[in-house]
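In the order they appear, the protein sequences are chains C and F.
Reading the first sequence from the start, the letters are residues 1 to 411 in full-length UniProt numbering.
Reading the second sequence from the start, the letters are residues 1 to 411 in full-length UniProt numbering.
Since the hints were made in silico from the structure, they are not lab data.
Zero decoy hints are in this set.
List of simulated lysine-lysine pairs, PhoX-like, C-alpha gap at most 20 Å: (1) C/Lys58 with F/Lys58; (2) C/Lys273 with F/Lys10; (3) F/Lys338 with F/Lys408; (4) C/Lys281 with F/Lys10; (5) F/Lys281 with C/Lys10.
There are 2 protein chains.
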Amino acid sequence: MALINENYLKLHGSYLFAEIAKRVAKFKGENPDANVIRLGIGDVTRPLPDAIIQAMHKAVDEMADEKTFRGYGPEQGYDFLIEKIIKNDYAARGIHLGMDEVFVSDGAKSDCGNIQEIFGIDNIVAVTDPVYPVYVDSNAMAGRAGEIGADGKWSRIAYMPCTSENNFIPQLPQTRPDLIYLCFPNNPTGMTLSKDDLKKWVDYARANKSIILFDSAYEAYIQEKDVPHSIYEIEGAREVAIEFRSFSKTAGFTGTRCAYTIVPKEVEAYTEKGEAIPLNKLWNRRQTTKFNGVPYIIQRGAEAVYTEEGQKQIKELVQYYMSNAKIIKEGLESVGLKVFGGVNAPYIWLKTPNDMDSWDFFDKLLNEANIVGTPGSGFGPSGKGYFRLTAFGNRESTEEAVERFRKKLKL
Amino acid sequence: MALINENYLKLHGSYLFAEIAKRVAKFKGENPDANVIRLGIGDVTRPLPDAIIQAMHKAVDEMADEKTFRGYGPEQGYDFLIEKIIKNDYAARGIHLGMDEVFVSDGAKSDCGNIQEIFGIDNIVAVTDPVYPVYVDSNAMAGRAGEIGADGKWSRIAYMPCTSENNFIPQLPQTRPDLIYLCFPNNPTGMTLSKDDLKKWVDYARANKSIILFDSAYEAYIQEKDVPHSIYEIEGAREVAIEFRSFSKTAGFTGTRCAYTIVPKEVEAYTEKGEAIPLNKLWNRRQTTKFNGVPYIIQRGAEAVYTEEGQKQIKELVQYYMSNAKIIKEGLESVGLKVFGGVNAPYIWLKTPNDMDSWDFFDKLLNEANIVGTPGSGFGPSGKGYFRLTAFGNRESTEEAVERFRKKLKL
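With the rest of the complex left out, here is chain C (with noise of 0.2 Å):
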């Protein structure tokens, strides 16, 4: 008799989305006429640069020629791409990279997914409180997360609440982690660590043989200086931390599919006997047996992010998103409420007035001014009276957006 992986049957729904879709199809259904803007869901909305359209255009007709066709390519990624990504994203911030330690994806949510993989089932994970979803999902169903409680949380997962009293900045929780999943800038917060607090991770999983699994998946958008754009600015971080890199925020990719992992040949962790293992070895054989790489035709759609062109044009998609987020940010300030996030990240959090519920504001916001966000305690109990819009609208809708708080929204 066949079994199942009974951890699944532990995971809720992916509840959050499908109530925000089908509350709002209700309101549509009874204003046919409203016209919703919707700074809910964090997907980008601008077309691709034309130096990616026209690398994948010449890679597209490279594939219908027997001379240039291509068949499997490596699973760890074509060295073109590999090369780029190491001189642009790392050596020009002083950081070294063997290229058999980047490993080319199909996405950061594959990756963030599938990195638990090479780990032991017994380890303590630690998140961010509130936290992008697939780092605990993921861990629930291989099942080292343990049963889920009436409050949502996970019996065996440490969470480290993020809330505007510790300024959005995760503490130590009281059991010790041995993974901690840290995403800067954050989604959904919008907040960022500086070099300093970041190094304060690094030196405690040096000190306690933890590992940092480290999404910066939204590194484009920083504009201040002292934020880490990766973790291995900070020194000793190459012994402990693995990094998830993204093409979709930072070139349009969401729908076009890549993204990269960096596994330093010295990050290792250990047997039960104590014996340290390299975890790139281990991560070069979950990708070798079960992926077989990004296509052709994106990965040169990936490269062409790095040409001159493509830096250019990736820099004014990123500006285009983060004036919106300025837009967004000081038009909520203006109207007197209280707002974080959106100067290094796509992403608003708001406080809601006087403690509301989150769904009571996503009730009202869409009742009195026709907008959709996202509910903060969607994404963890501590996101309870929070709020996320997202900078990815268009122009347009996003200034109308701003108007409606200001002239619908009855504060």
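Chain C is fixed; fit chain F onto it per the hints.
Frame of chain C, contents of chain F only:
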């Protein structure tokens, strides 16, 4: 202290293709002028058909325009592609599938590797021997394979030998299996099951509450009538089978990456307490949590496979390779070699002369005829004394290879 998944340490290295590369490099070093023909690896060489090229160019252009740009798509794949798959690959054979029973992915390797995640650790896995290594390795990584022996066999995997003695038809193993991997047309042997053969497995799975994981990546190569293209041609298979399909070999997508997996609503596995759980729900949860869909551009390319032009062009592609297969098969038979496969699959599985060791034959073929193939023993103990050639080369080198078998190989 972070612990690793120690199951990874039990795996042997990807010895086979590394060892081939090493021996070829050594030979070429010593024989710099030799014109080596590679019929070893199972990778396509013909360019992508024009219908697919044109569809991808169009999709690239759509990504350049705000009005047609695509961000995140459904993790399960776009409806436009799923509809075509259902209509052309299944309904045309009398098989009816729901839209939510098809999961588009980046490759059959990913799906074959990931599918085991939704099953419990205590299931007994059965595989044919010889076998595509991903089925075994992915289960070993999850801790389902036990320990590996000196003969390369895992203690908790049930092996089903497929040799000329049983006409390459797997027999039920002595241990009752819960998860049964079947790949037909088979890689590496190129052999098939008839509908009656396959029905025995479906009946067995229904009687024993086992699950069949059916890899039909090579179905497009089937030429004979009685060979099933899909396991769902067999009555009752919807209750017990998951099917993997790929555009890799069908349409030349090995470097373009698109595949799909069918999980019918009726397929169920069980909790320890005996409760039946639909696997469709579990696989959907796995994919939505750890995967973010196939690039829009690539899905449009796959869709074009189903246009009138596309169908015509991929049939030509398959016929090109199958003509190669016929040339190899007949050529080898003409020099007295015993040859299997090559009729409904692009693989030729030959018995080495005088039961020569697979690796000895590899060296002989390389030295005498300058041809690279794959030693059968690399696919499992029952591959000993066999050797794989593939039909994926171009016509000229395939004909030249056969000529060398005739004239240079000392049999």
